[in-house]
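Visitor: Let the sequences and hints guide you as you build the complete structure.
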Amino acid sequence: MEPGQSYHIYNHANGSENIFREEKNYRFFLEHYTKHLDKVVDTYAYCLMPNHFHLMVGVKEETSLRRTFPKFQTLEKLVSKQFSNFFSAYTQSFNKAYKRRGSLFMKNFKRLPILDEHQWQETFLYIHLNPVKHGFTKKPDDWKWTSWHGYENQNKTSKLNRIYYLNFFDSWEHVKKLTETKKQFVINQNVE
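Numbered by the working numbering, the letters in the sequence shown go through residues -5 to 186 in order.
Don't read these hints as lab results, they were simulated from the structure.
Please note: incorrect hints may appear among the correct ones.
Below 25 Å or equal to it, Euclidean Cα-Cα: the simulated DSS-like pairs (lysine-lysine) are [said to hold, decoys possible]:
#1 132 <-> 171
#2 90 <-> 127
#3 150 <-> 18
#4 132 <-> 176
#5 18 <-> 54
#6 29 <-> 90
Guide: Here it is in structure tokens:
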């Protein structure tokens, strides 16, 4: 993962398991996500579903990473290592809480570089429409574990980078309008 690059990151539980069984699992995931990754990525969007998750992040710039992690030789490995540490910490806690063993997530998390404005917009919309795609809700704002609420409630504190999306959309109203007009197209994309 390269400094300054945006990515769509997602992963799925092993087999038919869920990675979130209770509400406290979602909260724990987000708390540890911040703890492990806040210094290496800016988060633009997320959606946590019972058996998988989606993240949209921008890896921080090289100067910021070098200032925060001066001893790390390869910045690409640093970012992957932080993600690996995060997934490992979550899995260990989950395994302990539910008396289970082994890996919780599919072996390698997917990381798709976002290469242009169109892809950035569609990824942002896709992540927020994921609960609709999987039949959990009719509207994105009906799902609790998504960044949609962080954008809807700008006066609440958030770890999201809530300004960057304005490079790709005119306003939050623009996002909501596109969510409706492009819903079927975005939902039909062949991503988990």
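Visitor: If a hint holds in the structure, say so; if it does not, say that too.
Guide: Outcome of the hint check:
At most 25 Å may separate the alpha-carbon atoms for a hinted pair to count; residue 132 and residue 171 meet this at roughly 15 Å. For the suggested pair residue 90 and residue 127, the alpha carbons sit about 32 Å apart, so the restraint of at most 25 Å is broken. For the proposed pair residue 150 and residue 18, the alpha carbon gap of about 20 Å is at most 25 Å, so the pair holds. Between residue 132 and residue 176, the direct Cα distance comes to roughly 14 Å. Compliance with the 25 Å bound is thereby established for this hinted pair.
For the hint pairing residue 18 with residue 54, the CA-to-CA distance comes to about 29 Å; that exceeds 25 Å, so the pair is violated. Annotation: proposed proximity of residue 29 to residue 90 holds, straight-line Cα distance about 19 Å (limit 25 Å).
Checked against the numbered hints above, the structure breaks hints 2, 5 and satisfies the rest.
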